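In order, the protein sequence lines correspond to chains S and Z. Take the first sequence: its position 165, counted from the start at 1, is 165 in the working numbering, and no numbers get skipped. Heads up: take any position in the second sequence, counting from 1, add 1000, and you land on the working numbering.
No lab work stands behind these hints, which were simulated from the structure alone. Some clues are possibly wrong.
Unchecked claim - Taking lysine to any residue pairs in the SDA-like style, the calculated list, with each CA pair at most 20 Å apart, reads: (1) S:LYS327 to Z:ASN1208; (2) S:LYS327 to Z:ILE1235; (3) S:LYS281 to Z:ASN1208; (4) S:LYS327 to Z:SER1119; (5) S:LYS281 to Z:SER1119; (6) S:LYS327 to Z:VAL1111; (7) S:LYS327 to Z:LYS1309; (8) S:LYS172 to Z:ILE1093; (9) Z:LYS1152 to S:GLU160; (10) Z:LYS1309 to S:ASP222; (11) S:LYS327 to Z:LYS1152; (12) S:LYS281 to Z:HIS1263; (13) Z:LYS1309 to S:LYS281; (14) Z:LYS1309 to S:HIS133; (15) Z:LYS1152 to S:HIS133; (16) S:LYS327 to Z:GLY1117; (17) Z:LYS1309 to S:THR130; (18) Z:LYS1309 to S:ASN45; (19) Z:LYS1309 to S:GLY125; (20) S:LYS327 to Z:ILE1041; (21) Z:LYS1152 to Z:ASN1208; (22) S:LYS281 to Z:PHE1121.
All of these numbers come straight from a predicted model, not from anything done at the bench.
Below, each chain spelled out in residue letters.
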Amino acid sequence: MTMQDSMLPSGPNASRNTTHFFLSNEFGLILLIIIFAIIFGVTANGFLSEFNLFTLGRNSAVNIMIGLSMMTVIVTGGLNLAVGAMGVSVAMTCGWLIEGVGLPWPIAILGALAFGAALGFINGGMVVRTGLHSFIITLATMSIFFGSMIFLTRAESFRELPSVFSTFGRMKFGGYLSPLLLVTMIVALALAWLYRRTLTGREMLAAGASPAAAELSGIRVDRIIILCHMLSGVLAGIAALMLVARNGAAIPSMAGQLGQDWLLPAFLGPVLGGTLLQGGKVSVLGTVLGAFLVTMLSSGLMMLQVGAFWVQTFLGLMLLVAVLLDKARRSYLARRNLA
Amino acid sequence: MIQLSRLSRTDWFGPLLATILAIITIRAFSENFLSLFNIQILLLAIAVNALVAYSQMIIIAIGQMNLSVGAIGGLAAISFVGMIEVWGLPTPIAVILALTIGVGCGVINGVLIRITGISAFVITLATLSIYKGINMGITEAQPFYGVPDSVKAFGVALVLGPIPWLLVPTALVAVGLWFMLSRMPVGRFILAVGSNEHAAGLSGISVNATVIIAHALSGLLAGIAGVLVVARLQIGQPSIGDDWLILSFAAPVIGGAILAGGHVSVSATFLGVVIVAIITQALVLFNIDPFLVQVVLGGLILAAVGLNKLRARRPIGRGE
């Protein structure tokens, strides 16, 4: 069967490209989003209300950012289990810089994000230095970062933040568009530009696809990996600061014990979006769509009163179905000689 | 000297030295450290944590990882108490069913990994969420209180001196695992698949069966750990297993397990658990912030993987 298929003359380029698009992850995700939007719009009362669209946008802004943060490390073929711990650490640093040190908020935010980059530098540096897989390094630093943060803050929140944060979190454009979503979109566009148009971005992809080949062609793979981890730290920090804007306070438990609550959304976005876990291939649009789909599904399931406690099961099943579909899609492509 | 260098090559020597050093140092600063009561508390912690560590160790042996250890343990724990409280099942049957659930969860992991060929990380992340979700869906985050008296009594009973009964299942499991990994074909298959899956397959080992058996064992051990925690806490908490992830990796890695697979040590992993328990205990004895336990655990993992790396490098240079 494979023989036959591979001997088929390849079709004209145009039809090949359209088939390609219809077989792409992004198209599948858009289709799923539309289908579920219709289902929820019809069955769940108030799903399309302005208020729900606003909260949906606000929640997906955070989830997309968490997914992007993981994506920047997955590009190199690594993982970053510490996204949650880093994010919360950044948020708490920001709170401390404002309340403890008394810095004005714009400088505090920049300082906190620089701290996120520094945490990423620690991760990346250790991965490069020891040559160990980033799984075990970030598992350890997840524990270290979160433990230090809890120890230093005595597990207490920063609640006296300037009103800028909560105002920004509550702001609405046109009744339902949250500015948080705009921030996420800008970051996503910048990342897409990074991977498509800049030398550094291409080097990141090359380092992920084949570190040895990249090294031989003159790319400083070590530096690139450290840079990816720093980028991940900054993005995790932005996600956490957006949560601060939403809650109006910097709370140590906002990502759960050790920041574990962020792990599932962090992997769902990139994996659904077709970013290869082996590294070297990235889809910013896919990650955005994947994370949005997940947020929409959880919101819709809540509104259908499936029970908040079952949502986690559904998300796990989704991840499973997504990787299975992706597998089937790729073997189909391979059989048709399209990929 | 030759004796010493040979000893230093074994997995258990380093951790044993560290354990003895830690005990001596802490004893020097704290009178209470070796009191009977304290030893009993230490052993209780070790009893559960060792099972958690073994549950992960058996998966590390085949070169994979199991993020869902805690979720399986939690699901087994709440279904154990739930079946007694809601269905009124007798305790032994509930224990067997709970362990069956643990095995079932493990088999699902193994089968999915082998059928799809997707990395164990992604599969167990998905099943972690599924099992934990089922746990939350059943309990709605409320604990089951109907733990029977026999189980409660088992949780506090002592065999001899400070040794709790809870340690007995753990000891049996440790001996059984050691016997399996070093003496039984299935244990050798597990290690062979871990060190080189392809070669193992070519030499006639059924990789599918081996991987699924390893995951089933992992689920069983996580299930036993969950049931023991219920006996210790005397309550069916839905949050059982939430904090097992870091610990489950720390102990095997301290015990010299190589994450790429094919090399684990039952005794050294046990010592890894002991070290973690002693240090946690010391932080409490010296009134150091309990929050720092996380930092210490993370630091221990880093130190241990660093040391393992050095140890792995040395023999090549010597060319003995």
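Going down the list of hints, with the structure as the test:
| no. | hint | in the structure |
| --- | --- | --- |
| 1 | S:LYS327 to Z:ASN1208 | holds (19 Å) |
| 2 | S:LYS327 to Z:ILE1235 | violated (42 Å) |
| 3 | S:LYS281 to Z:ASN1208 | violated (29 Å) |
| 4 | S:LYS327 to Z:SER1119 | holds (12 Å) |
| 5 | S:LYS281 to Z:SER1119 | holds (17 Å) |
| 6 | S:LYS327 to Z:VAL1111 | holds (16 Å) |
| 7 | S:LYS327 to Z:LYS1309 | violated (34 Å) |
| 8 | S:LYS172 to Z:ILE1093 | violated (57 Å) |
| 9 | Z:LYS1152 to S:GLU160 | violated (46 Å) |
| 10 | Z:LYS1309 to S:ASP222 | holds (19 Å) |
| 11 | S:LYS327 to Z:LYS1152 | violated (48 Å) |
| 12 | S:LYS281 to Z:HIS1263 | violated (32 Å) |
| 13 | Z:LYS1309 to S:LYS281 | violated (30 Å) |
| 14 | Z:LYS1309 to S:HIS133 | holds (12 Å) |
| 15 | Z:LYS1152 to S:HIS133 | violated (43 Å) |
| 16 | S:LYS327 to Z:GLY1117 | holds (9 Å) |
| 17 | Z:LYS1309 to S:THR130 | holds (8 Å) |
| 18 | Z:LYS1309 to S:ASN45 | violated (58 Å) |
| 19 | Z:LYS1309 to S:GLY125 | holds (17 Å) |
| 20 | S:LYS327 to Z:ILE1041 | violated (48 Å) |
| 21 | Z:LYS1152 to Z:ASN1208 | violated (40 Å) |
| 22 | S:LYS281 to Z:PHE1121 | holds (18 Å) |
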